[in-house]
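A.B. asks: Residue numbers (this note's numbering), protein chains in the order written: chain A, 503 to 651; chain B, -18 to 169.
Rather than coming from a laboratory, the hints here were simulated on the basis of the structure. Be aware that a few hints might be false.
[What the hints assert, rightly or not] The calculated lysine-lysine pairs, modelled on DSS-like cross-linking and capped at a C-alpha distance of 25 Å, are:
hint, chain 1, residue 1, chain 2, residue 2
1, A, Lys528, B, Lys34
2, B, Lys137, B, Lys34
3, B, Lys34, A, Lys629
4, A, Lys559, B, Lys68
5, A, Lys528, B, Lys68
6, A, Lys528, B, Lys137
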Amino acid sequence: MHNLLLLITISFLSATITFYVNEELKQGPVRSSALLSLIVGSYFYFFPDTMDPYLVKSIPVVFIGASFVGMVSARLLSSYLLIGIGGILFCIIYLHTSNFFNGYGGALGTSAAISLLAVLSIPIIGKNRKLTNGMIQLRRVLFKPGKKS
Amino acid sequence: MSWNKTARNVFIIFLLIIQAIFVFAIFNESAESPVIAALIIILCILVLITYLKGEIHHEDHAYEHVFVALWIPAGALTSFYLNHLLKLGPVLSAATVGTLASYLPHIKKSSHYLRQLPAAIYCGAFIGMSSTGVAPDFLFIITASFFTAVLLILSKNLFAGVGGKLGTLAFAGVVITSFLYFLIASYA
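Could you build the full structure based on these sequences and the hints that come with them?
C.D. replies: In structure tokens form, the structure reads like this:
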């Protein structure tokens, strides 16, 4: 449980920091993801005894995968919270990825894309709900309670 | 229907199928965990909403230049070499290739061509992250790079700015090549 919470926190941070470096520091999506992953990956490569072996193996993988979520363009998504949620979703998918696709290059990117596509639906649903509320208001105006026809 | 529109629709459906196979594999193995199974179903619905209603594609269809896609094998072979021959591991290999590639546009800042290379090389680097159980040799990497390059050429304006797009293309390339190897092993 402790390890799971740590991985979820790392994936949230990875996605949001990558987005920050990409959009605010204007480093571009590739450098933001690759450079941050290089720093994290190098640390665990050169200091493998600093943590539990499971975490030493998992943290760099979770970090680079969640950083793909942070590569999203601000044109599509600019909320740090939603990007962080995308990172968490990635972490959950990664932890349950099928053994069948173990060792397939690009599986992390596929998980990241699925997480991000799921998160991108939230603004769409929100927009539709606003429309629904608008329809309710319109209905109230047109059919006032107690109005007899 | 024009050729561009057909290519666009075929590509979108193809990527949806690839993602569906990936999610189905998780769903199939999470039979004992109803929470994960429910989460996967919700995830599928949300992804479908984005596919149907999201503005994730540019209106006009365009093709990536072949000379940009040609850098995919370079990224893949370098990443594979660092991963398996220098034993750096998949993350460090892809990250090193991606970081170096991201500085290529600095060679000549006015070059439009150089600005497009980091994404193609990073996409290739994901192919090189494959384990030797999946990608046993350089021939597999080159074949997977070819399929990924074709997908990259077709998808220039599709899934624009969606994080994970490059990884999904690499995954599709690796899956197609694995399937091809499986067929050859079965019938040859």
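A.B. asks: Would the hint linking lysine 34 of chain B and lysine 629 of chain A be met if the CA-CA limit is 25 Å?
C.D. replies: Holds: lysine 34 of chain B and lysine 629 of chain A sit about 11 Å apart, inside 25 Å.
A.B. asks: So if I understand the rule, the pair passes when the alpha-carbon distance is 25 Å or less; does lysine 528 of chain A with lysine 137 of chain B pass?
C.D. replies: Holds - the C-alpha atoms of lysine 137 of chain B and lysine 528 of chain A are around 22 Å apart, at most 25 Å.
A.B. asks: For the pair supplied as a hint, lysine 528 of chain A and lysine 34 of chain B, is the alpha-carbon distance within the 25 Å limit?
C.D. replies: The hint is violated at about 29 Å.
A.B. asks: Please work out if lysine 559 of chain A and lysine 68 of chain B have their alpha carbons no farther apart than 25 Å.
C.D. replies: This hinted pair holds, its Cα atoms lying about 14 Å apart.
A.B. asks: Given the proposed pairing of lysine 528 of chain A with lysine 68 of chain B, does the C-alpha separation stay at or below 25 Å?
C.D. replies: Not OK: lysine 528 of chain A and lysine 68 of chain B at ~32 Å, beyond 25 Å, violated.
A.B. asks: For the pair supplied as a hint, lysine 137 of chain B and lysine 34 of chain B, is the alpha-carbon distance within the 25 Å limit?
C.D. replies: Distance ~20 Å between lysine 137 of chain B and lysine 34 of chain B Cα, so the pair holds.
Of the hints listed earlier, those the structure fails to meet are numbers 1 and 5, in rising order.
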